[in-house]
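Q: Guided by the hints, dock chain B onto chain A, whose structure is given.
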Amino acid sequence: GNSVTQMEGPVTLSEEAFLTINCTYTATGYPSLFWYVQYPGEGLQLLLKATKADDKGSNKGFEATYRKETTSFHLEKGSVQVSDSAVYFCALSEGWFSGGYNKLIFGAGTRLAVHP
Amino acid sequence: NAGVTQTPKFQVLKTGQSMTLQCAQDMNHEYMSWYRQDPGMGLRLIHYSVGAGITDQGEVPNGYNVSRSTTEDFPLRLLSAAPSQTSVYFCASRDSSYNSPLHFGNGTRLTVT
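Sequences listed follow chains A and B, in order.
For the first sequence, the working numbering gives the first residue as 336, with consecutive numbering after it.
For the second sequence, the working numbering gives the first residue as 12, with consecutive numbering after it.
Chain A with its partners taken away, still in its complex shape (with noise of 0.2 Å):
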């Protein structure tokens, strides 16, 4: 069945660091991919997502691309803050639901810790 693979942690910066999280999926069809954003104490929330080949998703200076011939949705930030320590979820979805909704697949989760 589809699965989302991601990079495993804890990943350790420095503040003002390039940020890459890995993200690779497996899928019929035509999918598409999300990254969830999971700040301590709170539930989950949207970080961006990317709907065709090769669209790019961007929000709050993150930025990841959908790429098929790699089958990869990896994250990106150039100078991460403090701020950003978090857990990093890469999603993609799948089939319909009844009722028109369609299934959301999440990875495993990767934190994110950023020290100044």
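No lab work stands behind these hints, which were simulated from the structure alone.
Where is the CB? At the ideal position from N, CA and C, for every residue including glycine.
A hint or two may mislead.
[Stated by the list, open to error] A partial selection of chain B residues facing chain A, derived with a Cβ cut-off under 7 Å:
| no. | residue |
| --- | --- |
| 1 | 51 |
| 2 | 52 |
| 3 | 112 |
| 4 | 117 |
| 5 | 118 |
A: Just chain B now, kept in the frame of chain A:
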């Protein structure tokens, strides 16, 4: 601007006890769902609902019941708690537009001893 509200935030149960995790949303979303979050496993879907009176099973439904009597509320019932149900539980809702984002509550941390 409450969004998705979950109660309680923390709960400790003994094996065999039952309880209900509450979830309410004020965004008039038809779709609601319950996930559990376990280390190294990401989020797994337990049950979901696409409207009042309509529920269905997700990936890991065993040991859990749900009902949806109103658009706003989607409680999750643990019938007879087991240590394997120790987890963090998230309720999430979304609107009906294509690829609409999930809105999550802040979670309930459940420990079963």
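Q: Please go over all the hints and tell whether each is borne out by the structure.
A: Hints and how they fare:
The closest approach between the C-beta of residue 51 of chain B and any C-beta of chain A is roughly 5 Å, which is under the 7 Å cut-off, so the hint is satisfied. Annotation: interface hint on residue 52 of chain B holds; nearest CB of chain A at approximately 6 Å, less than 7 Å. The restraint placing residue 112 of chain B at the interface with chain A holds, with a minimum CB-CB distance near 4 Å, inside the 7 Å limit. Restraint check, residue 117 of chain B versus chain A: the minimum CB separation of about 5 Å is within 7 Å; hint holds.
With its C-beta approaching chain A no nearer than about 6 Å, residue 118 of chain B sits inside the 7 Å limit, and its interface hint holds.
Hint compliance for this structure: every hint is met.
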